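Novice: Residue strings, one per chain:
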Amino acid sequence: MTASDTIAATDLKGDLFAYALRLADDAAILGQRLGEWCGHAPTLEEDIGLANIALDHIGQARALYTHAAEIEGKGRNEDQLCFLRKEREFGNCLLVEQPNGDFAQTILRQLFFSAFMLPFWRKLMASQDATLAAIAAKAEKEATYHVRHSAEWTIRLGDGTVESHARAQEAVDILWPYTGELFEADDLVSRLVAAGIAVDPESLREEWRATLRQVFDEATLTLPPEGWFQTGGRSGLHSEGFGHLLTEMQYMQRAYPGMRW
Amino acid sequence: MYTQALNARDTETSAIEDAERLAAFQARVDAEDKIEPNDWMPESYRKTLVRQISQHAHSEIVGMLPEGNWITRAPTLKRKAALLAKVQDEGGHGLYLYSAAETLGVSREELTGQLLSGKAKYSSIFNYPTPTWADIGAIGWLVDGAAIMNQIPLCRCSYGPYSRAMIRVCKEESFHQRQGYELLLEMCRSSEEQKEMVQDALNRWWWPSLMMFGPSDTDSKHSAQSMAWKIKRFTNDELRQKFVDATVPQAHYLGLTLPDPDLKLNEETGHWEYGEIDWEEFSRVIAGNGPCNRERLAARRKAHEAGAWVREAALAHAQKRRDRREAARHAAE
Numbered sequence: 009m010t011a012s013d014t015i016a017a018t019d020l021k022g023d024l025f026a027y028a029l030r031l032a033d034d035a036a037i038l039g040q041r042l043g044e045w046c047g048h049a050p051t052l053e054e055d056i057g058l059a060n061i062a063l064d065h066i067g068q069a070r071a072l073y074t075h076a077a078e079i080e081g082k083g084r085n086e087d088q089l090c091f092l093r094k095e096r097e098f099g100n101c102l103l104v105e106q107p108n109g110d111f112a113q114t115i116l117r118q119l120f121f122s123a124f125m126l127p128f129w130r131k132l133m134a135s136q137d138a139t140l141a142a143i144a145a146k147a148e149k150e151a152t153y154h155v156r157h158s159a160e161w162t163i164r165l166g167d168g169t170v171e172s173h174a175r176a177q178e179a180v181d182i183l184w185p186y187t188g189e190l191f192e193a194d195d196l197v198s199r200l201v202a203a204g205i206a207v208d209p210e211s212l213r214e215e216w217r218a219t220l221r222q223v224f225d226e227a228t229l230t231l232p233p234e235g236w237f238q239t240g241g242r243s244g245l246h247s248e249g250f251g252h253l254l255t256e257m258q259y260m261q262r263a264y265p266g267m268r269w
Numbered sequence: 009m010y011t012q013a014l015n016a017r018d019t020e021t022s023a024i025e026d027a028e029r030l031a032a033f034q035a036r037v038d039a040e041d042k043i044e045p046n047d048w049m050p051e052s053y054r055k056t057l058v059r060q061i062s063q064h065a066h067s068e069i070v071g072m073l074p075e076g077n078w079i080t081r082a083p084t085l086k087r088k089a090a091l092l093a094k095v096q097d098e099g100g101h102g103l104y105l106y107s108a109a110e111t112l113g114v115s116r117e118e119l120t121g122q123l124l125s126g127k128a129k130y131s132s133i134f135n136y137p138t139p140t141w142a143d144i145g146a147i148g149w150l151v152d153g154a155a156i157m158n159q160i161p162l163c164r165c166s167y168g169p170y171s172r173a174m175i176r177v178c179k180e181e182s183f184h185q186r187q188g189y190e191l192l193l194e195m196c197r198s199s200e201e202q203k204e205m206v207q208d209a210l211n212r213w214w215w216p217s218l219m220m221f222g223p224s225d226t227d228s229k230h231s232a233q234s235m236a237w238k239i240k241r242f243t244n245d246e247l248r249q250k251f252v253d254a255t256v257p258q259a260h261y262l263g264l265t266l267p268d269p270d271l272k273l274n275e276e277t278g279h280w281e282y283g284e285i286d287w288e289e290f291s292r293v294i295a296g297n298g299p300c301n302r303e304r305l306a307a308r309r310k311a312h313e314a315g316a317w318v319r320e321a322a323l324a325h326a327q328k329r330r331d332r333r334e335a336a337r338h339a340a341e
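From first to last, the protein sequence lines are chains A and B. Just so we're aligned, residue 9 is where the first sequence starts under the numbering used here, counting upward by one. Just so we're aligned, residue 9 is where the second sequence starts under the numbering used here, counting upward by one.
Excised from the complex, chain B in its bound form (with noise of 0.2 Å):
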């Protein structure tokens, strides 16, 4: 997850709001009272909601790709069961989200479209390929614990909608968190070969998940005022501290290294200090060039529109029993 859209710059200032309304408004949140969708909310606040919860949403969703790459190729029955049932949940949040940003007066047609145009984002750790089976495992294990970092504190967003969604989502996550990584000990248990296939998939997959959390605090130029929000509740470089303070250990228990020659336990603070992300490589992925993004929207773009006609049928199926329904009525009448 997916908090990216919190450090894009809203450029639009928003418009001359009622000073009482704001300050009523902001009392609210601050008594942490939930605002619900007919409730008045700023202009600014209402934007910055529908863009964190689509792009949310829309990571959801192209992050069924990676992981659906392997429903096919799952080594045993019980493992292709759960990666179906996980893949399931993931298109599951994508639907609870679509549904709370519809609250906010946005579609599901239109935040669809706007992913696939690229206008919108998506997590970009999504761009990442899936090439071994201990992908599936790292996935689940970095990448869906990366977003519960994210993810719980949003159960206590200001925005009712948003924070039930999370709840719900959060639960899934973790059993998912907790599955990939007894998918992973299990292959570092069985044998060398498979523990090398993790620790390749630890080696690609460590610093993306490190980048999930967004952009260093002293580039994070959104980030306040999401905090008075009550949108975001944690600083991007305090989650990420508590994830790497959480997996660390989890990595060494798998008997594995983390790619990071500069990571190291400081014994005063109890914090695990990591080296330099590479920024040059997220930016240049969010930007379009990582090594999955075209495939990524293609493929959502191929789904999108090879089911236009299915879409349409049952459009217009719908529209005919109203038709008939109607006919038959007057006919009674």
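Looking at chain A on its own, in the form it has when it is part of the complex (with noise of 0.2 Å):
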């Protein structure tokens, strides 16, 4: 019997299958998003780098849907999570669905991303549900080369020229009201954090800061103050374009309901 076993065995089994959800949808959404650069990137080795970006994040929403999946034991599957539900059900961060933007936006959206998720893999490592850690174990390596890519481009753009840095601190400030979300607990994560399963994201927020600061200092751009932050994502009330994001993701599975692809 393996850890993952005997937690889905337990009371929190309900909260173990929302939170792999949340995970899963943070990476599917983010992955959606970046895979719309294809072919379209300012450069080929961005083109090539986005995309890679963006199949790391399938690829962790394959592990975390597949993981859900078999917690909730109603038989669905990856592909029945991701393109068979509704707007209301989905529970990532309103962060990574925001649109692409410029390529800045597309940058500053991941650095804050995944500035935040290297270190959440890195304690996830830990966690008591044997199966999240070994899919943490994998995500931490790829957010490192995430973080590397969107912190030098962070700074290229920052310390470039007048029309770059302006652009990069308009994507700062337009992407940042949607960060304090990346650090919201409600009772469920609560919960799983106290049975060793979950990160407490707050327990992250000093690194986060830190990262940020130094690739802030060095691309001359500001941070901006605390101030109000966009909530609601956990929740599954996202931003009027989410439901445009869902309406191409989930096309086909929509279009051709129970087909095998």
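Hints in this document: simulated from the structure, not taken from any laboratory. Keep in mind that this is a model prediction, so the values were computed, not measured. From the three backbone atoms N, C-alpha and C, an ideal C-beta is built for every residue, glycine too. Don't take every hint at face value.
Far from chain B, some chain A residues (derived; all Cβ distances over 10 Å) [as the list claims (entries may be wrong)]:
#1 Asp-19
#2 Ala-59
#3 Arg-70
#4 Glu-97
DSBU-like, lysine-lysine: derived pairs with alpha carbons at most 35 Å apart [said to hold, decoys possible]:
#5 Lys-94(A) <-> Lys-55(B)
#6 Lys-149(A) <-> Lys-328(B)
#7 Lys-82(A) <-> Lys-203(B)
#8 Lys-127(B) <-> Lys-203(B)
#9 Lys-131(A) <-> Lys-86(B)
#10 Lys-146(A) <-> Lys-179(B)
#11 Lys-238(B) <-> Lys-55(B)
#12 Lys-149(A) <-> Lys-310(B)
#13 Lys-86(B) <-> Lys-146(A)
#14 Lys-21(A) <-> Lys-86(B)
#15 Lys-21(A) <-> Lys-82(A)
#16 Lys-238(B) <-> Lys-82(A)
Among chain B residues calculated to face chain A with C-beta under 10 Å, some are [stated by the list, open to error]:
#17 Arg-29
#18 Ser-182
#19 Ser-291
Dock chain one against chain two, each of which comes alone in its own frame, and use the hints as you go.
Specialist: Written out as structure tokens, the structure is:
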């Protein structure tokens, strides 16, 4: 009997399912957004780089959805969870669903997210849930690269030309209100943290800020004050653009139900 | 792929070159030596290679668009990941090929400029649209399948950097081809509706795939020199026949009908004989009047223009770093 089996048999099963699903949704939706770039990036190297990062996220999403489906035990699979749930059932944070905007917005979205996820995966490697810990061990390596990639570009853009600096700062200002949600912990998360399964997001705040401070200093960008933050993603209240993202992503499964591909 | 470059005639005659050097060069080619970037080579050999390699590179880059069209709509996560990886591979092929072209003394920027201005050609197959998911399978199976027929002999091309790039490209293309075929097989087995989607894709991609090998040998006047230089090893019609012979049984295995009423197996030769290709369509699409020519170039131009500030920022930042290093060095002295 694995740790996952033990946990699945307990009262925390529903929590763990929802938690794995949130993480899966984060990865799937960011992968979906990044996939929109393919063939349209500013350089050929970035076409490849962004596709590669998208691919990492899709891979994480697959492992997490599969795990969630196993915990749920109702015979659903990764694709049913990704393509056949509705808008209000998605628990991804608002940050990952934000439109690509210009290249600066895509890069800053990635930096804000990956600078959080890198220490997150590191801590999750010690999860009592063996499958989550294994997924985290792989994702941590990928996140290391994602932070490096987005940090290097943030520095180039921030400390590049007058235009690129302005665009990078604007991207920071647009996306900043969506970063507060990364640190939210509802009762579900608290219960899983207490059980040694989940990561307390608050415990990552210092490291996240330190990473950003270092990058922003070099990029000559200004970190906004804490201020007011958007919220809602974890409880299924998404941006208006999210429905359009799902419409596109889920088109095939909706148009041709029950078929194998 | 992408040999249409070989069919455009080089109008500039080569400069007067030392007959002895030419003979020595040809002897090396005949002995299957690889020609390397710093070796002497006839100017027209260089030009032919630049044209062919850059056209191949452009084809990879433009080819990302019809497939990229389905990344956000792939029907399963597994297919989405596979398609992302495939399109990423195409970008990688573009990179090696531009690098191979750079060894011949032409920059990627210059080549990109030629693509965006419409001066340089790319494979006309990518001017056809991908309206359904089955098109993604059809591109893998037929377009990459045709590309492999063309590219395997290029692994033995006399020019070292191109030949080495082709070895890697072929490995990946052959994976893409199998992946495309497997995708279609799954669809054909899953439901009649999906099988019809596959048949429709085959109907649309079959003839353009045959056109990928370029004009028939009677109309392809550039082949002889390229054959002598061992840039090209088989004629267009030979390669086309190989492709047809390999592909027809695969279509039958899927339970599909090829859209060619004249197609029949010649029992004596063992070859599948096919009907007349619509060369008028071929010329028209190459000349810019295919279903998606304008969209493809417009998409490339838009990406290039929208990304200009990013490339400028990267250069400006690199310059600032150099200046700071330099200043620090002076201060230390």
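Novice: Beyond 10 Å from every Cβ of chain B: is that where the Cβ of Glu-97(A) lies?
Specialist: holds, 17 Å
Novice: Classify the hint on Ser-291(B) as holds or violated, based on whether any CB of chain A lies nearer than 10 Å to its CB.
Specialist: Violated, because the Cβ-Cβ distance from Ser-291(B) to chain A comes to roughly 27 Å (cut-off 10 Å).
Novice: Are the Cα atoms of Lys-146(A) and Lys-179(B) separated by 35 Å or less?
Specialist: holds, 27 Å
Novice: Asp-19(A) clear of chain B by more than 10 Å, beta carbon to beta carbon?
Specialist: holds, 30 Å
Novice: Quickly compare the C-alpha distance for Lys-149(A) and Lys-328(B) to 35 Å and report which way the hint goes.
Specialist: Holds: Lys-149(A) and Lys-328(B) sit about 31 Å apart, inside 35 Å.
Novice: Compare the distance between the alpha carbons of Lys-131(A) and Lys-86(B) with 35 Å, and conclude whether the hinted pair is satisfied.
Specialist: Distance of about 28 Å is within 35 Å: holds.
Novice: Going by Cβ atoms only, is Arg-29(B) closer than 10 Å to chain A?
Specialist: Not OK, violated: Arg-29(B) not within 10 Å of chain A, min 36 Å.
Novice: Regarding the pair Lys-21(A) and Lys-82(A), is the alpha-carbon distance no greater than 35 Å?
Specialist: holds, 13 Å
Novice: Taking only the CA atoms, is the gap from Lys-86(B) to Lys-146(A) under or equal to 35 Å?
Specialist: Holds, because 18 Å separates the two Cα atoms, which is no more than 35 Å.
Novice: Starting from Lys-21(A), check that the Cα of Lys-86(B) is at most 35 Å away, please.
Specialist: holds, 26 Å
Novice: Against the 35 Å threshold, does the CA-CA distance of Lys-238(B) and Lys-82(A) hold or violate the hint?
Specialist: Distance of about 61 Å is beyond 35 Å: violated.
Novice: Measure nothing beyond the straight line between the CA atoms of Lys-238(B) and Lys-55(B); if it is 35 Å or shorter, mark the hint as holding.
Specialist: With Cα atoms ~15 Å apart, Lys-238(B) and Lys-55(B) stay inside 35 Å; holds.
Checked against the numbered hints given earlier, the structure breaks hints 2, 3, 5, 8, 16, 17, 18 and 19 and satisfies all the rest.
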